[in-house]
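Between the sequences and the hints, there should be enough to build the whole structure, so can you do that?
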Amino acid sequence: MRQTFTLPSKLAADVETLKQDLGLKNSEATIRHLLQSAIAREKKHVVVRLYQKRQKTMRQCAELLNVDLEEMIDILREFNVSFNDDLSQQLETVNRLAREMRAKSALPARRKKFPSKRSLSPALRIAV
Amino acid sequence: MLFVIDTSSLIVLQKLQWLNLCELGENLFIWPVRVTEELKQQKGKNKRILALLASMIASEGRMEKAFDIAKISKTDADVISLAAENNAVVVSEDILLRHKATRLGLSTASVGALVVLLYQNELYSKHECLVRLRTLHDEKFLSKAEYRQLLQSILP
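Protein chains in written order, with my numbering: chain A, 788 to 915; chain B, 6 to 161.
Derived from the structure by calculation, the hints contain no laboratory data. By construction, the Cβ of each residue, glycine as well, lies at the ideal position given by its N, Cα and C atoms. A couple of the hints might just be wrong.
[Unchecked claim] Only pairs whose alpha carbons sit at most 20 Å apart, straight line, appear in this in silico SDA-like list of lysine to any residue: (1) B:K45 x B:S60; (2) A:K831 x A:Q842; (3) B:K52 x A:D861; (4) A:K891 x B:L7; (5) B:K48 x A:V854; (6) B:K145 x A:D872; (7) B:K20 x A:F866; (8) A:K840 x B:S148; (9) B:K20 x A:V854; (10) B:K131 x B:L29.
[What the hints assert, rightly or not] DEER-style ranges, computed between Cβ atoms: (11) A:L822 x B:R139: 39 to 47 Å; (12) A:T791 x B:V136: 55 to 63 Å; (13) B:E127 x A:V833: 43 to 51 Å; (14) A:E879 x B:Y129: 20 to 28 Å; (15) B:S130 x A:D872: 27 to 35 Å; (16) B:R139 x A:S824: 32 to 40 Å; (17) B:N92 x A:Q823: 45 to 53 Å; (18) A:R789 x B:A59: 48 to 56 Å; (19) A:Q790 x B:N25: 53 to 61 Å; (20) B:L7 x A:E879: 12 to 20 Å; (21) A:S892 x B:N92: 15 to 23 Å; (22) B:E28 x A:S824: 37 to 45 Å.
Written out as structure tokens, the structure reads:
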């Protein structure tokens with residue numbers, strides 16, 4: 788695709804500087820390079836925003852960016868996205884499960900029953 | 006207590022070299038077959054996870070049942086479905102997946118919450134729990150506020 792556009796002189800000067808810094812052969816290659824990296828960065832922004840708004844799962848985001856799940860996790864870390872914005876709820880779960888486990892592992896409490904006088908031998912009955 | 010573990014959490018455990026957490030307790034973790042398939046597709050990156058899954062008895066064959074949840078992928082649905090079938094806790098780093106599971110009445114946890122839960126069930130020491138939480142914070146899986154919140158939950 789061929790596109791013709793006008794650059795403000797400040798931007799054109801920046802392109803020239805970057806051409807030298809990046810060691811690219813001409814302005815056209817520099818602009819192409821800059822466009823590629825800007826598009827990739829913007830795509831990441833858009834997809835990360837979808838994830839943050841809970842509109843897409845991590846897997847769906849990975850598909851949109853054409854990366855695997857591990858790379859998607861790294862992108863979310865790179866953008867400082869929280870993995871735990873529901874932490875209070877998770878902690879409620881943790882505490883409930885811990886209580887349930889403690890209750891399960893605890894021995895049934897034995898009630899100490901004081902013997903009735905009738906069940907005791909005559910000698911003990913006197914002592915009681 | 007049973008955990009259905011998602012690929013995202015397995016990847017985080019692998020990154021932190023904590024896959025041995027999955028071997029704590031007896032048959033504490035299960036996962037859908039599709040999770041294994043997903044890991045296999047990722048260009049040989051997950052050999053260690055796959056080796057671990059293969060070595061664990063509770064692995065393949067128990068899962069696979071369709072669960073109709075709109076707008077999430079098949080593997081996400083499988084994770085939720087398996088947890089629902091087994092009354093298990095969903096362990097995932099994916100916020101939307103956890104949100105969907107919670108709305109279906111399931112318990113959910115990320116690796117951070119899992120670390121606290123395993124400590125509370127005396128599967129390892131408080132020192133080890135603190136070190137793990139610190140690592141999660143250092144590796145950007147927990148923000149500072151989240152790290153503090155988890156610390157408060159275990160310190161008297």
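Hints and how they fare:
Our distance criterion of 20 Å between C-alpha atoms is met by B:K45 and B:S60, whose separation comes to about 15 Å. Between the alpha carbons of A:K831 and A:Q842 the distance comes to roughly 15 Å, so the proposed pair stays at or under 20 Å and holds. At roughly 19 Å between alpha-carbon atoms, B:K52 and A:D861 fall within 20 Å of each other, so this suggested pair holds. A C-alpha spacing of about 14 Å is found between A:K891 and B:L7, which places the hinted pair at or below 20 Å, so the restraint holds.
Restraint check for B:K48 and A:V854: satisfied, since their Cα atoms lie roughly 12 Å apart, inside the 20 Å limit. A C-alpha spacing of about 13 Å is found between B:K145 and A:D872, which places the hinted pair at or below 20 Å, so the restraint holds. This hinted pair checks out: B:K20 and A:F866 have alpha carbons roughly 18 Å apart, not beyond 20 Å. Of the supplied pair hints, the one linking A:K840 and B:S148 holds, its CA atoms being roughly 18 Å apart against a limit of 20 Å.
Annotation: proposed proximity of B:K20 to A:V854 holds, straight-line Cα distance about 17 Å (limit 20 Å). About 16 Å separates the Cα atoms of B:K131 and B:L29, which keeps this hinted pair within 20 Å; it holds. The beta-carbon spacing between A:L822 and B:R139, approximately 42 Å, falls within the hinted interval of 39 to 47 Å. At about 60 Å, the beta-carbon gap between A:T791 and B:V136 stays in the expected band of 55 to 63 Å.
Range check, B:E127 to A:V833: about 45 Å between beta-carbon atoms, so the 43 to 51 Å window is met. Range check, A:E879 to B:Y129: Cβ separation about 22 Å, and the 20 to 28 Å hint holds. Range check, B:S130 to A:D872: about 29 Å between beta-carbon atoms, so the 27 to 35 Å window is met. Roughly 35 Å separates the CB atoms of B:R139 and A:S824, a value that falls within the hinted 32 to 40 Å.
The supplied range of 45 to 53 Å is met by B:N92 and A:Q823, whose beta-carbon atoms lie about 49 Å from each other. Separation of A:R789 from B:A59 is about 54 Å and conforms to the stated range, judged on CB atoms against 48 to 56 Å. For the pair A:Q790 and B:N25, the beta carbons lie near 55 Å from each other, so the given range of 53 to 61 Å is met. Taking 12 to 20 Å as the suggested C-beta distance range, the pair B:L7 and A:E879 conforms, at roughly 19 Å.
Distance hint check for A:S892 and B:N92: the Cβ-Cβ separation is about 18 Å, which falls inside the suggested range of 15 to 23 Å. Remark: the range hint 37 to 45 Å for B:E28 to A:S824 is upheld by a beta-carbon distance near 43 Å.
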